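Sequence order for the protein chains is A and B. Convert by adding 1479 to the 1-based position in the first sequence; the result is the number in the working numbering. Convert by adding 316 to the 1-based position in the second sequence; the result is the number in the working numbering.
Because the hints were derived from the structure by calculation, they are not lab data. Be a bit skeptical, because a hint or two may be false.
Said to hold, decoys possible - Computed footprint of chain A on chain B, listed as stretches where at least three residues anywhere in the stretch have a Cβ under 8 Å from a Cβ of chain A: (1) 351-358; (2) 380-389; (3) 552-566; (4) 631-642.
To be verified - Calculated from the model, a selection of chain A residues having no Cβ within reach of chain B, i.e. all distances over 12 Å: (5) V1540; (6) A1547; (7) R1635.
To be verified - Here are the simulated distance ranges between beta carbons: (8) B/E540 with A/L1482: 54 to 62 Å; (9) B/E540 with A/L1794: 24 to 32 Å; (10) B/I365 with A/G1809: 44 to 52 Å; (11) B/K463 with A/L1794: 46 to 54 Å.
Treat the numbers as computed from the prediction; the structure is a model and nothing was measured. Note that the Cβ used here is the ideal one computed from N, Cα and C, for glycine as well.
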Amino acid sequence: MTLWAGGAVAALLGLLTLGTLAAVALRAGGSVLLSVADLSALRFTLEQAALSAALSVSLAVPVARALARRRFPGRRWLVALMGAPFLLPVIVAVFGLLALFGRHGLLNAGLALLGLPGVSIYGLHGVVLAHVFFNLPLAVRLLLQGWRAIPAERFRLAAALGFSPADVARLIERPMLRAVLPGATLAIFLVCLTSFAVALTLGGGPAATTVELAIYQAFRFDFDLGRAALLAGIQFVLCGGATLIAFRVGLPATEAPGLDRPVERWDAGAPLLRLQDAVLITLAALFLMIPLGLVAVDGVPGLLALPAPVWLSALRSLGVAVASSALCGGMALALALARTASGRAAFDLAGMLPLVASPLVLGTGLFLLVNPVADPAFWALPVTALVNAAMALPFALRALQPALDRIEATHGRLADSLGLTGWARLRLLILPRLRGPLGFALGLAAALSMGDLGVIAIFAGPGGATLPLQVYRLMGAYRMAQASGAALLLLGLSLGLFWLFDRGGRGDADA
Amino acid sequence: MKVSLIAAGFCALASFAQAETPTLTIYTYDSFIADWGPGPAVKKAFEPICHCTLNFVGTGDGAALLSRIKLEGARTKADVVLGLDTSLTADAEATGLFAPHGTLPKMDLPVAWTDPDFVPFDWGWFAFVYDKTKVPVPPTSFTELAKTDLKVVIEDPRSSTPGLGLLYWVKDAYGDKAGEVWKSLAHNILTVTPSWDEAYGLFTKGEADMVLSYTTSPAYHLIEEKDATKAAAMFTEGHYMQVEVAAKLKASPNQALADQFLAFMLTDAFQSVIPETNWMYPAVTPKDGLPDGFDMYRPTKSLLYSADEAKTLRDGALAEWQAALSK
Chain A
1480 MTLWAGGAVA
1490 ALLGLLTLGT
1500 LAAVALRAGG
1510 SVLLSVADLS
1520 ALRFTLEQAA
1530 LSAALSVSLA
1540 VPVARALARR
1550 RFPGRRWLVA
1560 LMGAPFLLPV
1570 IVAVFGLLAL
1580 FGRHGLLNAG
1590 LALLGLPGVS
1600 IYGLHGVVLA
1610 HVFFNLPLAV
1620 RLLLQGWRAI
1630 PAERFRLAAA
1640 LGFSPADVAR
1650 LIERPMLRAV
1660 LPGATLAIFL
1670 VCLTSFAVAL
1680 TLGGGPAATT
1690 VELAIYQAFR
1700 FDFDLGRAAL
1710 LAGIQFVLCG
1720 GATLIAFRVG
1730 LPATEAPGLD
1740 RPVERWDAGA
1750 PLLRLQDAVL
1760 ITLAALFLMI
1770 PLGLVAVDGV
1780 PGLLALPAPV
1790 WLSALRSLGV
1800 AVASSALCGG
1810 MALALALART
1820 ASGRAAFDLA
1830 GMLPLVASPL
1840 VLGTGLFLLV
1850 NPVADPAFWA
1860 LPVTALVNAA
1870 MALPFALRAL
1880 QPALDRIEAT
1890 HGRLADSLGL
1900 TGWARLRLLI
1910 LPRLRGPLGF
1920 ALGLAAALSM
1930 GDLGVIAIFA
1940 GPGGATLPLQ
1950 VYRLMGAYRM
1960 AQASGAALLL
1970 LGLSLGLFWL
1980 FDRGGRGDAD
1990 A
Chain B
317 MKVSLIAAGF
327 CALASFAQAE
337 TPTLTIYTYD
347 SFIADWGPGP
357 AVKKAFEPIC
367 HCTLNFVGTG
377 DGAALLSRIK
387 LEGARTKADV
397 VLGLDTSLTA
407 DAEATGLFAP
417 HGTLPKMDLP
427 VAWTDPDFVP
437 FDWGWFAFVY
447 DKTKVPVPPT
457 SFTELAKTDL
467 KVVIEDPRSS
477 TPGLGLLYWV
487 KDAYGDKAGE
497 VWKSLAHNIL
507 TVTPSWDEAY
517 GLFTKGEADM
527 VLSYTTSPAY
537 HLIEEKDATK
547 AAAMFTEGHY
557 MQVEVAAKLK
567 ASPNQALADQ
577 FLAFMLTDAF
587 QSVIPETNWM
597 YPAVTPKDGL
607 PDGFDMYRPT
617 KSLLYSADEA
627 KTLRDGALAE
637 WQAALSK
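Please take these sequences and the hints and turn them into a complete structure.
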């Protein structure tokens, strides 16, 4: 039963990603070759994705550790707000970054005041900076889930044994990271692999061409479906390779049950350690919050002058987000349960597929599949909800899978001996203990679905515009102030949704 | 069960409504049908005349519009496609899906119009737009621009029609020397964006000194924002044009209605909406003339390749551009 549900979800994901790719490839026919430009695009894509993932994760570890062992007023808000960069329409986040790091941004203004030469954000370093801005918060959140999962008893035992912070890191934290880091790194690497607008805009020129842009060009200007499908296929192969490596490196954490006591960190009391954590948290908060603050300030005037259709789009987007979140939660749970029950990596792989699917190929392929049987415009919003759910699934899985494995490792034998199976096991054992990660996953899915433009453009009918689409429409009509206002609205709604779901999942627990 | 009954009833009703009034389906780019675009006004003006329902379908931008038609092929539901431009028409023509237009009225285009299928509905000149308070002395040509340290943001010709327009502009003005001109401009190019929206956004946020846009862009700021600081730099090489066109599909079952729409497109009711919604020059100047600000910039020389020339030159010009800027 578990395997059936998981298998059905995996099949759906396969259809959405590989199936749409096949639809495009079949439509094209014939054979194609890669050009020299494609190869250099491939090299640049891999380079920036690897750098971005490595940097995001290595910065996230100390920040997440600092957040995990400190309690301070506003911590909960800080953690919630950290999700924001990931949720913004790409171009709005880029504007926020430029207000800080751009030619006339705060940083260069400060340097000029000090009589120092300015710095330019444009180039590979700018692309990586932007990707770290987007993904560092995600990595921190995923790692925090890992820290939360360490039973309080371990820290109690560590304190009783007189562990130093270094001992805690070696014996408690490192094994946890070994289990969580590969998946998180992989997810970010794959997100950056399909980056397109950020890479081009901050890359400073055609040298910063990614594979996704090459796909875009193949579609839009050459209408060379074969080449588009080939390039998208290469992305899938890269994804598969990276996923296999990540699974080789990753080790499942050895689990011992805990009693869900509140975590007390006796090891983190030293003043120097407090100072170090304070500095880390402050720096991360500044790096993430200043650009967001500038986006917000920029958006306030426009927010008051938003035309009525934009508010309607906001409602529409909220509906899509909630539907998509429910879909994503259900699919992620089914996949994770099947993975835990069967131990088959195929379910992991299926869950990663949406990350590397080129949105353009996916949209076009779906269009080719839907168009002969139904009116695409009529199905625009349901398709958007489904695709967004699939796109958020890999992140939801990263939160759910480790938690579920842990539940089975710690309580599975007891449940087995009690004959607790099927629905009862899900209702009495798994869901209550999965509440936190599930809330986080649902919130993330809802928020991602609010922000993602995804495939809606090719399906959009008259009047079916979602909020991100309206942001672009406003920008396209010179209405930059209103676009900033609409972006602020989008940011607020995404964060609100995320906060609601995440809060619901946490109950009274603080983390 | 109840829901499906309601749905069935709704569908039946909808098909009754359809049987009474014919529907004309027009594929267009997304910003045309935005609530602040020309679409709503055009629909309101045309429906009482044609006694039909005008159904606009948005498909992203102009290039996406053509991809969509190619994807759907002869089975497309579109009766009319509106919003391709002259860099795309040769490709569109080659699909064999479009039908010739009838005789056209006298139009106000700076170039002669001979295309048998596509009917222009608006046009504009590409230009670099700048802020007079920040750039007191604008460059007067590409070569002058190359001598300055001004930072411009341009659109990528591989993903954006203005970007492609700039490619043709330099090619048309400099021919075989286009590659060298791009090399000399490399230090001016702050960055390349996927589409016009991002580029113009970077400019209005103060990140770039100049942006590739249209000579009519300053008119938007003047009319809508009462802001007279934005200006278009006039280049001695002349200015490349963008002409936006529409055409009907051969396979459309609504040939007469499609013809009626294309004729309506060049009348005052349609054309007078264009300047202040699409911010382009109408193909036929309305009888009340153009809004203020539309006469600020009149390049003395207009550049435009024929559809076939544009198609032949594209890949070579793109390679030159890429080679010059990929360092």
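Consistency of the hints with the structure:
Coverage of the stretch 351-358 of chain B by chain A holds [criterion: at least 3 residues with CB-CB distance below 8 Å; count 3]. By the rule of at least three residues with a Cβ nearer than 8 Å to a Cβ of chain A, the coverage given for the stretch 380-389 of chain B holds, with 7 such residues. Evaluation of the coverage hint for the stretch 552-566 of chain B: breached, as 0 residues show C-beta separations to chain A shorter than 8 Å, against a requirement of three. Against chain A, the stretch 631-642 of chain B contributes 4 residues with a C-beta closer than 8 Å to a partner C-beta. That satisfies the three-residue criterion, and the hint holds.
At roughly 32 Å from the closest C-beta of chain B, the C-beta of A/V1540 stays outside 12 Å, upholding its exclusion from the interface. Distance check for A/A1547 against chain B: the nearest CB is about 37 Å away, which clears 12 Å, and the non-interface claim stands. A/R1635, annotated as away from the interface, keeps every beta carbon of chain B farther than 12 Å; the closest lies near 52 Å. The hinted range of 54 to 62 Å is satisfied by B/E540 and A/L1482, whose Cβ atoms lie roughly 60 Å apart.
In this structure the hint that B/E540 and A/L1794 lie 24 to 32 Å apart at CB holds, the actual value being about 27 Å. Distance hint check: the CB atoms of B/I365 and A/G1809 are about 50 Å apart, consistent with the given range 44 to 52 Å. Hint check: B/K463 to A/L1794, Cβ distance near 53 Å, so the stated range 46 to 54 Å holds.
Hint violations for this structure: number 3 only, all remaining hints satisfied.
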